[in-house]
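**Student:** Those protein sequences? They're chains F and Y, same order as listed.
Quick note: the first sequence uses our numbering, first residue 1, plus one each step.
Quick note: the second sequence uses our numbering, first residue 1, plus one each step.
Among the clues, some could well be false.
[What the hints assert, rightly or not] Computed from the model, here is a short list of chain Y residues facing chain F with C-beta under 8 Å:
1. Phe64
2. Ser100
3. Pro102
4. Thr103
5. Asp118
6. Ile119
7. Asn122
[What the hints assert, rightly or not] Among the chain Y residues that face chain F by a calculated CB cut under 10 Å, a handful are:
8. Cys62
9. Gly63
10. Thr99
11. Trp101
12. Phe113
13. Val114
14. Gly115
15. Gly116
16. Cys117
17. Met123
18. Glu128
[Claimed, not checked] Computed spacing ranges between beta-carbons, pair by pair:
19. F:Leu94 - Y:Ala93: 14 to 22 Å
20. Y:Ser38 - F:Ser60: 36 to 44 Å
21. F:Ser63 - Y:Glu58: 22 to 30 Å
22. Y:Gln61 - F:Gln73: 22 to 30 Å
23. Y:Lys140 - F:Thr55: 35 to 43 Å
24. Y:Ser38 - F:Lys86: 22 to 30 Å
25. Y:Glu46 - F:Arg42: 43 to 51 Å
26. Y:Ala87 - F:Gly101: 18 to 26 Å
27. F:Pro29 - Y:Leu86: 36 to 44 Å
28. Y:Ser100 - F:Gly101: 17 to 25 Å
29. Y:Ser126 - F:Ser63: 25 to 33 Å
30. Y:Lys81 - F:Pro77: 37 to 45 Å
Note that these hints are calculated values from the structure, not bench results.
Think of the CB as a built atom: it goes at the ideal place given N, C-alpha and C, for glycine as much as any other residue.
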Amino acid sequence: MSFLARRITSRSRLSTQSLRLYTTSPSTPLAAPSPNYTQGERTIHEKLANQLQATKLLVSDVSGGCGSMYSIQIASPLFKGQSLVKQHRMVTELLSEDIKGMHGIQIKTEAV
Amino acid sequence: MNPSRNLFRLSSRVTAFSPIRTQAPIVWRRNLSDELKSKIDKAVKEHDVLVFMKGNKEAPQCGFSRAVVQVLQIQGVQDFKTVNVLADDEVRAGIKEYTSWPTIPQVFVKGEFVGGCDIMINMHQSGELDQLLRDKGVIKAEQGEQGTEAA
Chain F
1 MSFLARRITS RSRLSTQSLR LYTTSPSTPL AAPSPNYTQG ERTIHEKLAN
51 QLQATKLLVS DVSGGCGSMY SIQIASPLFK GQSLVKQHRM VTELLSEDIK
101 GMHGIQIKTE AV
Chain Y
1 MNPSRNLFRL SSRVTAFSPI RTQAPIVWRR NLSDELKSKI DKAVKEHDVL
51 VFMKGNKEAP QCGFSRAVVQ VLQIQGVQDF KTVNVLADDE VRAGIKEYTS
101 WPTIPQVFVK GEFVGGCDIM INMHQSGELD QLLRDKGVIK AEQGEQGTEA
151 A
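In isolation and in its complexed conformation, chain Y is listed as follows (with noise of 0.2 Å):
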């Protein structure tokens, strides 16, 4: 038996607390601190729709964002709230983290991760998304898009 080996093993046992030493795969909190992820915690559940973009809804600042807020307008959610992430190095990499998603836009319904543009454009072109609104009252009987429902 190598004995360098048994003390690698004893060594990783004993320092079992510290985070660096442990072989589990521990996801390293690197941009995510505490505040900021109970900031992202307090966002999401306060707004019924929650968008991390890139720009605002007035001027969004990439295609993808673009079309997250276009989806969104066209399902009539009228008043959706949104976080610029290019104002923020810090929430644009502890977001990414957050969620365990690595790209940018990220849409938040009723506190719940829907997921990103393409996601949204699918569940979008499917009808789910407008099921998903319906269904957590976000969008009301009368609103939304004109359906093309056979009379």
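Looking at chain F on its own, in the form it has when it is part of the complex (with noise of 0.2 Å):
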């Protein structure tokens, strides 16, 4: 039992079984975390998803697990209308105290 606790715990990538710990029930529309996302990645993630109501939503941490660079790729209604630059303030905002801890940050909007 304590086994399978470290390996859902695991940072690995390498693990190509993802192990649905919660269930996703079909009407969702919210982008849905992955079970291999890094304590980081899923923060964000998470802050995203709601606020923005993200329907596709990818954290990447691009620092090699490090924390201080991450690439995100979000799609959301609320972004209908914008400019790309309003797009990009309202993700920011969000982010802004855990983006100081950040060395850097890419950004990829769609409105859909």
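Got two chains here, each in a separate frame; can you build the complex from them with the hints?
**Tutor:** Right, dumping it as structure tokens:
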């Protein structure tokens, strides 16, 4: 049982099996976090998914697991009609505290 | 009614002019002095294209800044000016407050903030950047990237 627990919390990206620790109801429009997320990725994902109604969302730690650089791809209906600058600002405003600790952030937004 | 609660509300009304006590979401200008703000205002209006970056045009000191320089050069923008934020901590922090944008590089075209590296690359690929630069008169009809339009 404890062996299983270790596997679930492992940050290894080599595991190809996704262990579903939660049930996703088919009606939920929010993009679910990947089970392979690091803690940092998950935190950011949850903030953005909930507050921006993200239909597609992928947060990647591109600093080798250090949490100092993230790449974010997000699609949200809230982006419709907004300029790219405004869309990016919507993301960075939600993450303003997290960004203070980062060296960089890459954002790709889509209005969907 | 809790008396101390009343007192608090009263005091915040009385000190309404003091930005410290107000409850409205004020953006604190911790890094952007009025002097710096007007310097930036002046600089972005003075130059057609101004880039706040790490390093300079000839020697960018960051991959994202380099990418922005390359995009502008590919678009045929001949003489864009750059400001090296690594040379001045006040500017480095101040520009982020000026645009409410947390990252460097930052590109201004005709006094208007266009975006950072991700946006520049996105607009370059979609053709929007070319359109914007032509609309603003930054690049002329004969200049710019050789198009890949069908003959």
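**Student:** Could one say that the CB atoms of Lys140 of chain Y and Thr55 of chain F fall in the range 35 to 43 Å?
**Tutor:** 41 Å, holds
**Student:** Under the criterion of a CB-CB separation shorter than 10 Å, is Gly63 of chain Y in contact with chain F as hinted?
**Tutor:** At about 9 Å, which falls below the 10 Å cut-off, the nearest Cβ of chain F leaves the hint on Gly63 of chain Y intact, so it holds.
**Student:** Quick one: are Gln61 of chain Y and Gln73 of chain F within 22 to 30 Å, going by C-beta?
**Tutor:** The hinted range 22 to 30 Å holds for Gln61 of chain Y and Gln73 of chain F, with Cβ atoms some 27 Å apart.
**Student:** Tell me if the interface restraint on Met123 of chain Y is satisfied: Cβ within less than 10 Å of some Cβ in chain F.
**Tutor:** 7 Å, holds
**Student:** Can the hint on Thr103 of chain Y be confirmed by a CB-to-CB distance to chain F that is less than 8 Å?
**Tutor:** 6 Å, holds
**Student:** Confirm or reject the claim that Ser63 of chain F and Glu58 of chain Y have a C-beta distance inside 22 to 30 Å.
**Tutor:** 28 Å, holds
**Student:** For the hint on Phe113 of chain Y, does the least C-beta distance to chain F fall short of 10 Å?
**Tutor:** 7 Å, holds
**Student:** Hint validation: Glu128 of chain Y versus chain F, beta carbon distance must be below 10 Å. Holds or violated?
**Tutor:** 9 Å, holds
**Student:** Could one say that the CB atoms of Leu94 of chain F and Ala93 of chain Y fall in the range 14 to 22 Å?
**Tutor:** For Leu94 of chain F and Ala93 of chain Y the Cβ distance comes to about 21 Å; the hint holds.
**Student:** Taking 10 Å as the limit, does the beta-carbon of Val114 of chain Y come near enough to a beta-carbon in chain F?
**Tutor:** 7 Å, holds
**Student:** Is the gap between the beta carbons of Ser38 of chain Y and Lys86 of chain F within 22 to 30 Å?
**Tutor:** With a Cβ separation near 25 Å, Ser38 of chain Y and Lys86 of chain F satisfy 22 to 30 Å, so the hint holds.
**Student:** Given Thr99 of chain Y as an interface hint, is the shortest Cβ-Cβ distance to chain F below 10 Å?
**Tutor:** The hint holds - Thr99 of chain Y has a Cβ within 10 Å of chain F, the shortest such distance being about 9 Å.
Comparing the model with each earlier hint shows no violations; every hint is respected.
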